[in-house]
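Residue numbers (our numbering), protein chains in the order written: chain A, 1 to 539; chain B, 1 to 166.
Bear in mind the hints are in silico, worked out from the structure with no lab data behind them.
Be careful, since some hints might not be right.
Claimed, not checked - In silico PhoX-like pairs for lysine-lysine, Cα to Cα no more than 25 Å straight-line: (1) A:352 x A:181; (2) A:185 x B:67; (3) B:112 x B:78; (4) A:307 x B:78; (5) A:193 x A:352; (6) A:181 x B:67; (7) A:139 x B:78; (8) A:167 x A:129; (9) B:131 x A:176; (10) A:352 x A:196; (11) A:185 x A:9; (12) A:63 x A:427; (13) B:93 x B:63; (14) A:200 x A:324; (15) A:363 x A:202; (16) A:63 x A:181; (17) A:307 x B:93; (18) A:63 x A:196; (19) A:293 x A:192; (20) A:63 x A:185; (21) B:67 x A:307; (22) A:363 x A:352; (23) A:245 x A:320; (24) A:320 x B:63; (25) A:352 x A:539; (26) B:131 x A:181; (27) A:245 x A:427; (28) A:320 x B:67; (29) A:63 x B:67; (30) A:176 x B:63; (31) B:81 x A:185; (32) B:112 x A:193.
Unchecked claim - Quick list of simulated restraints, FRET-style, between CB atoms: (33) A:507 x B:55: 56 to 66 Å; (34) A:192 x B:73: 23 to 33 Å; (35) B:73 x A:169: 49 to 59 Å; (36) A:481 x B:42: 56 to 66 Å; (37) A:482 x B:42: 33 to 43 Å; (38) B:25 x A:523: 29 to 39 Å; (39) B:1 x A:474: 29 to 39 Å.
Quick reminder that beta carbons are idealized off the backbone N, C-alpha and C, glycines included.
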Amino acid sequence: MIGADAMVKCLEQEGVKNVYGYPGVAICPFYNSILESDIRTVLVRTEQNAAHAASGEARVSGKVGVCAVTSGPGATNLITGIATAFADSIPLVCITGQVKSELIGSDVFQEADITGAVESFVKYSYLVKKAEDIPRIFKEAFYIANTGRKGPVLIDVPIDIQNATIKNLYYPEEVKFRTYKPTVKGHIVQIKKVIKELEKAKRPIICAGGGVHLSDAVAELRDFAHAYRIPVVSTMMGLGVMQTKDPMYFGMVGNNGNAYANRAMNESDLMIMVGARVADRAISQPDLITTNKILVHIDVDPAEIGKNVGPTIPLVGDAKHIFKDFQKQEFTCEHEAWIETLESYRATMQAKRNPNPDYVDPKEFINLLSEHMQDDAVYVADVGQNQIWSCNYHIVKNGRFLTSGGMGTMGYSIPAAMGAKIADMNKQVVAVCGDGSFQMSMMELATIMQHHIPVKVIVMKNNYLGMVREYQHYTYKDNYSVVDIKDGSPDLEMLSAAYHIPFLRVENMAHAEEKIQAFLEKDETMLMECLVDPYDLVK
Amino acid sequence: MQNRVFQLLVDNNAGVLSRISGLFSRRGYNIESITAGVTADPRFTRITIVASGDEEILDQIEKQVAKLVDVRDIHELKPEKSVYRELCLIKVKSTPEKRQGVITVADIFRAKIVDVNVDSLIVEITGNQSKIEAFIGLLQDYEILEIARTGIAGLGRGSEDVIYLE
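Use the sequences and the hints to build the structure in full.
Now the structure itself:
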């Protein structure tokens, strides 16, 4: 057995089903060994999308996503994908080939110091120096990636290590760390304090972040909120923790969120912030959520608590465990008047839009699309105006809403949708992007067709990089600079034909519903172009 | 802005120092000094970091460093409960006539002359930072050619905080 065989065996031991990647000489031993395995390989068209696809799979499966690319440019192309996963705490193991150990540092062909380059975007990284270390390193990497605050781990494997002979492979049952021990269970004293405050609270609210998905605590949080009738708002990453139409759900907070959600948060007297890092786009004024209120901050990462805002009750631990422990406490809390207030805000503070009838109205279109999507469908929003419209108007039922929240990486939706579909082929998966973000990952249409991944793609076409155009509209009084993409954009109908992908165009709302039905009818890839008013705004 | 002294115990892995210093630079934290050396157990390295910032930043530093996979322990070395020492080598320009003056000052501070040359000598002084600052201050009458300072190394007093390694 050689090192590359051991790498593949380790992935099998971890239950890995799919590896996304792109080969090159330095990773060839690995891609040769994987032929002997049942692990499926998915050949993406650029390395960044291997990481995004692995991220999509990880977010739907709850397991670690895996990608494997070659040294030098292959590895550096991966960086944006790794940084995107890091910003949203998505567990990945990224394997990179490396030049021969003895040549490291001498600037040979396709050499890049990838462990150095990704240092600030990974939870941990390894440069393998001995083939015997492979099993331990892989075991540790998977453990680090998927415990505590999740995130990407990179393993850089020189080609001579991949080719080195290993006598026998012993895959460790468990990891032994002297140093890394994430806190899982919440401290009971703190839990009791929270419950005591909840009993007193007149205007309690839960603000759910992406950490609730990551700790698989959606059911626990919903149960708790329903049992004690505690209103819930969410961050962008927390969308889908509650069903959009749940009576206890009061919208998305933040400067791209719902006004009534922000008001609910600001007027509460007790806020339980869970799995959210109080990021600038969600909470633009941290002092507003601490004045005149008790702030409980639940996070598995102790460094997030107190980073942007000082909570009254810090509670370190995994959300699933903590909500289970909350449920074990006996208490009552009464606040019907508060719920009525929030209901009136929700009813009266809806944003008003003046849609142009000549074009597709993003709000009505996304509402309709959501209605027709399956109950547990996965909606992957890209980045830009399409993302904000998707956040505001997609109606989540029991499916997932995925997007690149922390990094805001354009081009995320198509590769992430591929990974999400591969994670569960029974689920309907729809990627919604703009014409800017589509062109950042349209090469993956080839991957979709080659590997028969029936994801559906919607392009909201407005011939502009709309989010930046909107910013220039407000900030630079319509002095548009490098945002016009009309000239040069491909004819999407011809492009679809070139990839043998069925195509639909929606020009306005007149026949939108029939077209949405036709688009969603079969479990096959289809591309839908929606013509959106170039001057439409998210705010 | 205030200074805080942290003591770290870390796995003696390749790149551990760059992971720690990288964390400081990318989050914009200030390191006043950093010293590192292997412990009695070669699997571990002990690092003493003097960091500066306001209270919140210093608390964040402790939490962010604690998160690093290689870091086994980080805690503050409080001045009243710790011993800090720094070593400093000072090269002073001195003709044979002026030499005795330097030696006298060095004696008062229990510094040692570790090298003598025709026109210069090197003084070694160990102590806490204020002692070293005071000593350097007294040498202003002479021409200081070069200074090399190690930054402080520190240990907590007593055996309460000692971490026993498996």
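Results for each hint:
no. : hint                     : verdict
1   : A:352 x A:181            : 49 Å, violated
2   : A:185 x B:67             : 17 Å, holds
3   : B:112 x B:78             : 29 Å, violated
4   : A:307 x B:78             : 23 Å, holds
5   : A:193 x A:352            : 41 Å, violated
6   : A:181 x B:67             : 9 Å, holds
7   : A:139 x B:78             : 38 Å, violated
8   : A:167 x A:129            : 16 Å, holds
9   : B:131 x A:176            : 44 Å, violated
10  : A:352 x A:196            : 40 Å, violated
11  : A:185 x A:9              : 32 Å, violated
12  : A:63 x A:427             : 17 Å, holds
13  : B:93 x B:63              : 45 Å, violated
14  : A:200 x A:324            : 21 Å, holds
15  : A:363 x A:202            : 34 Å, violated
16  : A:63 x A:181             : 19 Å, holds
17  : A:307 x B:93             : 49 Å, violated
18  : A:63 x A:196             : 36 Å, violated
19  : A:293 x A:192            : 18 Å, holds
20  : A:63 x A:185             : 21 Å, holds
21  : B:67 x A:307             : 13 Å, holds
22  : A:363 x A:352            : 11 Å, holds
23  : A:245 x A:320            : 23 Å, holds
24  : A:320 x B:63             : 23 Å, holds
25  : A:352 x A:539            : 9 Å, holds
26  : B:131 x A:181            : 40 Å, violated
27  : A:245 x A:427            : 21 Å, holds
28  : A:320 x B:67             : 21 Å, holds
29  : A:63 x B:67              : 22 Å, holds
30  : A:176 x B:63             : 22 Å, holds
31  : B:81 x A:185             : 32 Å, violated
32  : B:112 x A:193            : 59 Å, violated
33  : A:507 x B:55: 56 to 66 Å : 59 Å, holds
34  : A:192 x B:73: 23 to 33 Å : 29 Å, holds
35  : B:73 x A:169: 49 to 59 Å : 33 Å, violated
36  : A:481 x B:42: 56 to 66 Å : 58 Å, holds
37  : A:482 x B:42: 33 to 43 Å : 56 Å, violated
38  : B:25 x A:523: 29 to 39 Å : 49 Å, violated
39  : B:1 x A:474: 29 to 39 Å  : 37 Å, holds
In this structure, the earlier hints numbered 1, 3, 5, 7, 9, 10, 11, 13, 15, 17, 18, 26, 31, 32, 35, 37, 38 are contradicted, and the remaining ones agree with it.
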